[in-house]
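Enquirer: Each chain, written out:
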Amino acid sequence: MPQFFLNKRLIVLLVSIIVLVALIGFSLRERSKLSWPEQFLKDTAGLVQSLVSKPAHLVAGFFENLQDLQNTYEENKELKSRMEKLVSLEAQVQELEKDNKELRDILGEEETLRDFEPLQATVIGRNPDRWHEMIIINKGKTDGIKKNMAVVTAHGLIGKVKTVNQFSSTVQLLSAMDPKNRISAIVQGDTNVFGLVEGYDEEKKALLIKAIPSGVEIKKGQNVITSGLGGVFPQGLQIGKVIEVKPDQYGLNQTALVEPGADFYDLENIIVITRTIAQPSEADMAGEGEEEEDL
Amino acid sequence: MKKFLLPLLFLFLFLLESLFAQYAPPEVFGRNYILAPHFLFGGILFLAIYAGRKYGIIYAAIFGLLFDIVWIEIIGIYLFLFPFITYLISKIMHVLQTNIIVAFFVSLVGIALLELGVYEMDFLIHITTLDFMSFLEMRFYPSLILNAAFLLIAAYPLKRHFESFAESLRDE
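Line by line, the protein sequences are chains P and Y. For this note's numbering, add 803 to where a residue sits in the first sequence, where the first one is 1. For this note's numbering, add 115 to where a residue sits in the second sequence, where the first one is 1.
Please note that the accuracy of each hint is not assured.
[Claimed, not checked] Every beta carbon over 12 Å from chain Y, so not counted as near; a handful from chain P, in silico:
| no. | residue |
| --- | --- |
| 1 | R812 |
| 2 | I814 |
| 3 | P840 |
| 4 | H860 |
| 5 | E881 |
| 6 | E893 |
| 7 | E905 |
| 8 | R929 |
| 9 | T966 |
| 10 | K1007 |
| 11 | K1008 |
| 12 | A1014 |
| 13 | K1023 |
| 14 | I1028 |
| 15 | G1064 |
| 16 | T1077 |
[What the hints assert, rightly or not] Simulated DEER-style distance windows between Cβ atoms:
| no. | chain 1 | residue 1 | chain 2 | residue 2 | range |
| --- | --- | --- | --- | --- | --- |
| 17 | Y | L239 | P | L1055 | 25 to 31 Å |
| 18 | P | V818 | Y | L231 | 50 to 56 Å |
| 19 | P | R834 | Y | E282 | 29 to 35 Å |
To be clear, the hints were calculated from the coordinates, so they are not data collected in a lab. Ideal Cβ positions, reconstructed from N, Cα and C, are used throughout, including at glycine.
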């Protein structure tokens, strides 16, 4: 009965499409944490990955060292010239820090949005399907990592913690397209301009800062840092530099294209940032209208 | 021992994809292209072609689920597409004769279908806003070339291995 089998196959296909839609719907909704089978699987996979990634790190490191050897001479020259500047800068920083501390003591204010504690972690895997730009790191709940913490490299912000398991966690990179991925930022200049980093332009490899009022003048090369106003990230993490400014669709606002300071590709050792200042509780936030930043 | 060889092989391919994504130097391939490795799925298609549809679909479903949970965190996309395309490919192979060149091209078609399917799904749920033409240029063609290169290298060893696996199944 070929007809019957054809129907059976059709039914299997339809049922699996329904299951597919249900599963996608289930996993797309806002989840505060993953279910335990998922966490268990991810942790197990993380264990295997960290076993594999160690020799891989070594091999990759060896080739990188070879590359480094090639231009040692020029780098050395450049570094020497920078060293001289560094010494005077260091003295300046120390003085300023002391000043800052004294002034703060006078004001009686101890914690700022700037304070944070760094936590080292190693990248043990990266999502091979390059749509959802995510990496997996070898620190988890037991190391004190929580959801939505900022993740940086030496060159700047790269993303935030998306999900936390016991011994590993997933970091969503800034280059991922996620409408929920918003970061409150400051464009530094004579007057600071506030904006929201939302979205990523894949063709220009630049982050988009939208909703900047059209009267404000922003120039190429201005620095962009996190503002700390979103409630999760500390203030002052480097994001990148402005490369282009263009008016938006209706001419009411402008959009700044920001070239990220950190390289999203060559990631090995990263730092997870814990903000030390107390965060307003959910109850305090309720009633103040929409909460939208950094979620 | 022989029983574990097959899962281990696929686990290796599963990890190899992640390692490739992490370490492939972007300078070599140009920063304007996104290369998505689908080594695991290439292996699964070869398994379906040489060791039978049943095994192909079982492995496709298991590793699709694993892929979704570990990498994507949206369950369903690969869990559905892996077995579905494996099924389609094994149907196509019924019509064609099984030799290694045909298997190579049909697997490549399967990987192309997977890329297109994932793009459409991600577009639907707003994971990406890339339009179709730039998707083709930035991602589709470079990824196909990458996976073709992988299949070229791996086709013969995979074929040998899966054929001996099918043989041992028949002997039992």
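Enquirer: Does K1008 of chain P really sit off the interface, with its C-beta more than 12 Å from all C-beta atoms of chain Y?
Expert: 7 Å, violated
Enquirer: Could you let me know if the closest chain Y CB is still more than 12 Å away from the CB of E905 of chain P?
Expert: 46 Å, holds
Enquirer: Does G1064 of chain P really sit off the interface, with its C-beta more than 12 Å from all C-beta atoms of chain Y?
Expert: Given that every Cβ of chain Y is farther than 12 Å from that of G1064 of chain P, nearest at about 16 Å, it holds.
Enquirer: Taking the beta carbons of L239 of chain Y and L1055 of chain P, is their distance inside 25 to 31 Å?
Expert: 30 Å, holds
Enquirer: Mind verifying the non-interface call on K1023 of chain P? Its CB should be farther than 12 Å from each CB in chain Y.
Expert: 20 Å, holds
Enquirer: Over 12 Å from every CB of chain Y: does T1077 of chain P meet that, or does the non-interface label fail?
Expert: 23 Å, holds
Enquirer: Verify this label for me: I814 of chain P is non-interface relative to chain Y, using a Cβ-Cβ cutoff of 12 Å.
Expert: 14 Å, holds
Enquirer: Verify this label for me: H860 of chain P is non-interface relative to chain Y, using a Cβ-Cβ cutoff of 12 Å.
Expert: 9 Å, violated
Enquirer: Taking 12 Å as the cut and beta carbons as the points, is R929 of chain P off the interface with chain Y?
Expert: 4 Å, violated
Enquirer: Non-interface claim for E881 of chain P: all C-beta distances to chain Y beyond 12 Å?
Expert: For E881 of chain P, whose nearest Cβ neighbour in chain Y is about 20 Å away, the distance exceeds 12 Å, so it holds.
Enquirer: Hey, is E893 of chain P genuinely clear of chain Y, shortest beta carbon separation above 12 Å?
Expert: 34 Å, holds
Enquirer: Confirm or reject: R812 of chain P is not an interface residue toward chain Y, with every Cβ-Cβ distance exceeding 12 Å.
Expert: 9 Å, violated
Going down the numbered hints, you'll see the structure goes against 1, 3, 4, 8, 9, 10, 11, 18 and 19, while the others check out.
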